[in-house]
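Sequence lines, in order, name chains A and B. Under my numbering, the first residue of the first sequence carries the number 1, and numbering increases by one thereafter. Under my numbering, the first residue of the second sequence carries the number 1, and numbering increases by one thereafter.
These are computed hints drawn from the structure, not numbers from a lab. You can take every hint at face value.
Lysine-lysine pairs mimicking BS3-like chemistry, simulated, CA-CA at most 25 Å apart: (1) A/K1 x A/K68; (2) A/K68 x A/K97; (3) A/K42 x B/K7; (4) B/K7 x A/K97; (5) A/K97 x B/K65.
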Amino acid sequence: KQEVTQIPAALSVPEGENLVLNCSFTDSAIYNLQWFRQDPGKGLTSLLLIQSSQREQTSGRLNASLDKSSGRSTLYIAASQPGDSATYLCAVSQGGKLIFGQGTELSVKP
Amino acid sequence: SAVISQKPSRDICQRGTSLTIQCQVDSQVTMMFWYRQQPGQSLTLIATANQGSEATYESGFVIDKFPISRPNLTFSTLTVSNMSPEDSSIYLCSVEFSFGGYNEQFFGPGTRLTVL
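Model the full assembly from the supplied sequences, consistent with the hints where possible.
In structure tokens:
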């Protein structure tokens, strides 16, 4: 059974710092991996999708990497801003379904 | 991507009643999904709803408790039946699009349900 784990559960950083969020999964037979952002009480916004054949994807200040063999993905956020404060979720696609991690709650202090 | 809307955005319900949540997409999609997010938890898939067939439920979820309709390619409903406080959650629908060889899911804004 696929299990997705995100570390740390919560992170607080001062504005301007670069930071890395981690995601690991137990079964490497995935179709793709998505990173989402969720603001409190809201739905999910898709940030980046990495196909199983890819190593990384970039969008603006965000860079996501995927190492399928080791079951790991990272989300790198450059020059963090208070507006980046949210919960970040990773999810792997397997068997036509998304399996989510527990999320990392990020707080960027001005 | 697509514009996905859900109604209601939130509701407070009494124990033992039922609530139907609507999900509307601005384009036709084959695959729609319903998720539950309990307080402080991550998302758990309830069921997959394909137009023209019965919904497929995940382990721990049953049709009598969470009946789903999928009357066309742009609309679906999820009913939470005979509610109890344990059903208090955010319920989210999502749709899947295919892009040049890969599939990506997009989510609605969610319905926040509180059961008293």
